[in-house]
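Novice: Single-letter residue listing:
2 protein chains.
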Amino acid sequence: MIKPTLVEKKKEKLILITNDDGYQAKGLKTLIDVVKPMGDLMVIAPSESRSGMSHAITVKHPIRVKKIKEEQGLTMLCCNGTPVDCVKLALNKLLDRVPDLVLAGINHGSNSSASILYSGTMAAALEGCLNGIPSIGFSLLDYSPDADFSGTLKYIGDIVRKTLTSGIPEGTCLNVNFPQENKQGFKGVKICRQTRGRWIEKFDKRKDPQQKTYYWLTGEFTNLEPDAEDTDEWALKNHYVSIVPAQTDLTSYKAIDHIKKWDLSQDIR
Amino acid sequence: MIKPTLVEKKKEKLILITNDDGYQAKGLKTLIDVVKPMGDLMVIAPSESRSGMSHAITVKHPIRVKKIKEEQGLTMLCCNGTPVDCVKLALNKLLDRVPDLVLAGINHGSNSSASILYSGTMAAALEGCLNGIPSIGFSLLDYSPDADFSGTLKYIGDIVRKTLTSGIPEGTCLNVNFPQENKQGFKGVKICRQTRGRWIEKFDKRKDPQQKTYYWLTGEFTNLEPDAEDTDEWALKNHYVSIVPAQTDLTSYKAIDHIKKWDLSQDIR
Chain A
22 MIKPTLVEKK KEKLILITND DGYQAKGLKT LIDVVKPMGD LMVIAPSESR
72 SGMSHAITVK HPIRVKKIKE EQGLTMLCCN GTPVDCVKLA LNKLLDRVPD
122 LVLAGINHGS NSSASILYSG TMAAALEGCL NGIPSIGFSL LDYSPDADFS
172 GTLKYIGDIV RKTLTSGIPE GTCLNVNFPQ ENKQGFKGVK ICRQTRGRWI
222 EKFDKRKDPQ QKTYYWLTGE FTNLEPDAED TDEWALKNHY VSIVPAQTDL
272 TSYKAIDHIK KWDLSQDIR
Chain B
22 MIKPTLVEKK KEKLILITND DGYQAKGLKT LIDVVKPMGD LMVIAPSESR
72 SGMSHAITVK HPIRVKKIKE EQGLTMLCCN GTPVDCVKLA LNKLLDRVPD
122 LVLAGINHGS NSSASILYSG TMAAALEGCL NGIPSIGFSL LDYSPDADFS
172 GTLKYIGDIV RKTLTSGIPE GTCLNVNFPQ ENKQGFKGVK ICRQTRGRWI
222 EKFDKRKDPQ QKTYYWLTGE FTNLEPDAED TDEWALKNHY VSIVPAQTDL
272 TSYKAIDHIK KWDLSQDIR
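Residue numbers (my numbering), protein chains in the order written: chain A, 22 to 290; chain B, 22 to 290.
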């Protein structure tokens, strides 16, 4: 077992941090800087960008872990796994106590609306949540590697402190998205629901030098309810920070009665 | 654009099929055999097993598509993408009309309870659902490559026919799991909710020939509510086919009020 220095100081809060942009990402460094005063940090992040990995896990090849940094209150590792692998590895193998919090991000790019389903950042938060640990994913609507995160700092501090003191309802984690920075700053925070929307893909069809066809995935997001003021997309478009409480239970309770009417339940033995 | 023969026969139902075990899997072949009489089939599946890929998409390298088979009413392709890539590619590039149904499976292994979050099979169904198409993922609780799917045939036929005639509520798809075959057969169908449970990982720590450490992911499922008779795990353990209506909206509506009380919403401009 890798024994981080933080294991010896039992009294501090223990915060597990990961991301999907890789351990060198500016967003991860920003998140570490904000929460470092709040507890001991165990950071384990992919060795390179693993965007769009969703809840993928690595079952077909081995995972290797590398130590990047170890200093007072901070152990930083990277591995060749996905964000969810990082959380699983930390919880089940690397840490000898359960962290008080799992944080993911700050993602370079939006994870609002249906993007939550593709997001490695939010998958890491959902994985923490599955394990009964308060978990939060943070994302900024700016894909640039040198995105300006300065406006997010105060909000992240507030949200993390509040989560450490109040907790989050079981089976729920938080999907926090920040609008792209502008001179006016953010208007405040809105607690939202996930917008109904989808990505319309435009696969770019190309020929390689051997004249064989290949496709590049590109796409555009379509908001199916642009006027709904209780949605995350509306909040972000109107310069609010959006927080969607997200759950790991995918059951559509409304649909259960509909399907029950199908009368498939006969005993056919 | 690849123009499948099926595009010419506009009157038939068009069914898009994928899986996460790869185009050569027995479960896929079984599913094709069951639904072939019901419409024209476009099958596009990963070229090899992509289990545990969840909702991952391929954004960092190109996708190549290969034609495996083309016959009356059936076009079969494979690609180096994930199950969700397969659905996106078919809907946005390969097909010139919207399919009536998206099917995924039959998966070799369970996708019940929290496994839905890791499953490429169910991600493909959720992707169909995101696109407004009735979608179903089928899984058998048997990981063996030569699993016996014979007991599933009648049920799959019934469920697919019912879906084609009655539809599924918008924003919902079906997660259908079959118990492992036994001599008694299945007891019938239960419409269930997703069991609260999680995977407890046991990363196997090993040394490679160069004496460097690596980890293999293995794990065991823990059911957090083994006695709840309305859950999929209970149904499967008691030899019922389980159907969980699953949704793409991850919002925890119950948690919204809790988080609103945090009073983070002040305008700080």
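What the hints contain is simulated information worked out from the structure, not anything from laboratory work. Wrong hints could be hidden among the right ones.
Okay, derived cross-link-like pairs now, DMTMM-like style, lysine to aspartate or glutamate, Cα gap no bigger than 25 Å in a straight line [what the hints assert, rightly or not]: (1) A:Lys275 - B:Glu91; (2) A:Lys228 - B:Glu69; (3) A:Lys233 - B:Glu91; (4) A:Lys282 - B:Asp225; (5) B:Lys87 - A:Asp248; (6) A:Lys223 - B:Asp278; (7) A:Lys223 - B:Asp225; (8) A:Lys281 - B:Asp248; (9) B:Lys81 - A:Asp179; (10) B:Lys275 - A:Glu191; (11) B:Lys175 - A:Asp179; (12) B:Lys90 - A:Asp284; (13) B:Lys258 - A:Glu69; (14) A:Lys50 - A:Asp179; (15) A:Lys183 - B:Asp225; (16) B:Lys281 - A:Asp278; (17) B:Lys282 - A:Asp251; (18) A:Lys204 - A:Glu222; (19) A:Lys114 - B:Glu222; (20) A:Lys281 - B:Glu191; (21) A:Lys281 - B:Glu222; (22) A:Lys88 - B:Glu222; (23) B:Lys275 - A:Asp248; (24) A:Lys223 - B:Glu250; (25) A:Lys281 - B:Asp121; (26) B:Lys208 - A:Glu69; (27) B:Lys281 - A:Glu202; (28) B:Lys228 - A:Glu69; (29) B:Lys282 - A:Asp117; (30) B:Lys81 - A:Glu69; (31) B:Lys258 - A:Glu222; (32) A:Lys175 - B:Asp278; (33) B:Lys275 - A:Asp179; (34) B:Lys233 - A:Glu202; (35) B:Lys87 - A:Glu202; (36) B:Lys114 - A:Asp278; (37) B:Lys275 - A:Glu222; (38) A:Lys223 - B:Glu191; (39) A:Lys81 - B:Asp270.
Just so we're clear, the structure is a prediction, and the values are computed from it rather than from any experiment.
Novice: Are Lys223 of chain A and Asp278 of chain B close enough, with their CA atoms no more than 25 Å apart?
Specialist: violated, 38 Å
Novice: Check whether the Cα positions of Lys275 of chain A and Glu91 of chain B lie no farther apart than 25 Å.
Specialist: violated, 40 Å
Novice: Can the restraint linking Lys281 of chain B and Asp278 of chain A be considered satisfied, given a maximum Cα separation of 25 Å?
Specialist: violated, 30 Å
Novice: For the pair supplied as a hint, Lys87 of chain B and Asp248 of chain A, is the alpha-carbon distance within the 25 Å limit?
Specialist: With Cα atoms ~42 Å apart, Lys87 of chain B and Asp248 of chain A exceed 25 Å; violated.
Novice: When you check the alpha-carbon spacing of Lys81 of chain B and Glu69 of chain A, does it fall within 25 Å?
Specialist: Holds - the C-alpha atoms of Glu69 of chain A and Lys81 of chain B are around 12 Å apart, at most 25 Å.
Novice: If you draw a straight line from the CA of Lys275 of chain B to the CA of Asp248 of chain A, is it 25 Å or shorter?
Specialist: holds, 23 Å
Novice: Would the pair Lys275 of chain B and Asp179 of chain A pass a check requiring their Cα atoms to be no farther apart than 25 Å?
Specialist: holds, 22 Å
Novice: With a cut-off of 25 Å on the C-alpha distance, tell me whether Lys204 of chain A and Glu222 of chain A pass.
Specialist: violated, 32 Å
Novice: Verify the proposed pairing of Lys281 of chain B with Glu202 of chain A, using a straight-line Cα cut of 25 Å.
Specialist: holds, 24 Å
Novice: Given the hint that Lys282 of chain A pairs with Asp225 of chain B, does the C-alpha gap stay at or below 25 Å?
Specialist: Measuring from Cα to Cα gives roughly 46 Å; hence the hint is violated.
Novice: Is the straight-line distance between the alpha-carbon of Lys87 of chain B and that of Glu202 of chain A 25 Å or less?
Specialist: Cα-Cα ~44 Å, so violated.
Novice: Given the hint that Lys275 of chain B pairs with Glu222 of chain A, test it: the Cα-Cα distance must not exceed 25 Å.
Specialist: Violated: Lys275 of chain B and Glu222 of chain A sit about 33 Å apart, past 25 Å.
Comparing the model with each earlier hint shows violations of hints 1, 4, 5, 6, 7, 9, 11, 12, 13, 15, 16, 18, 21, 24, 26, 29, 31, 34, 35, 36, 37, 39; every other hint is respected.
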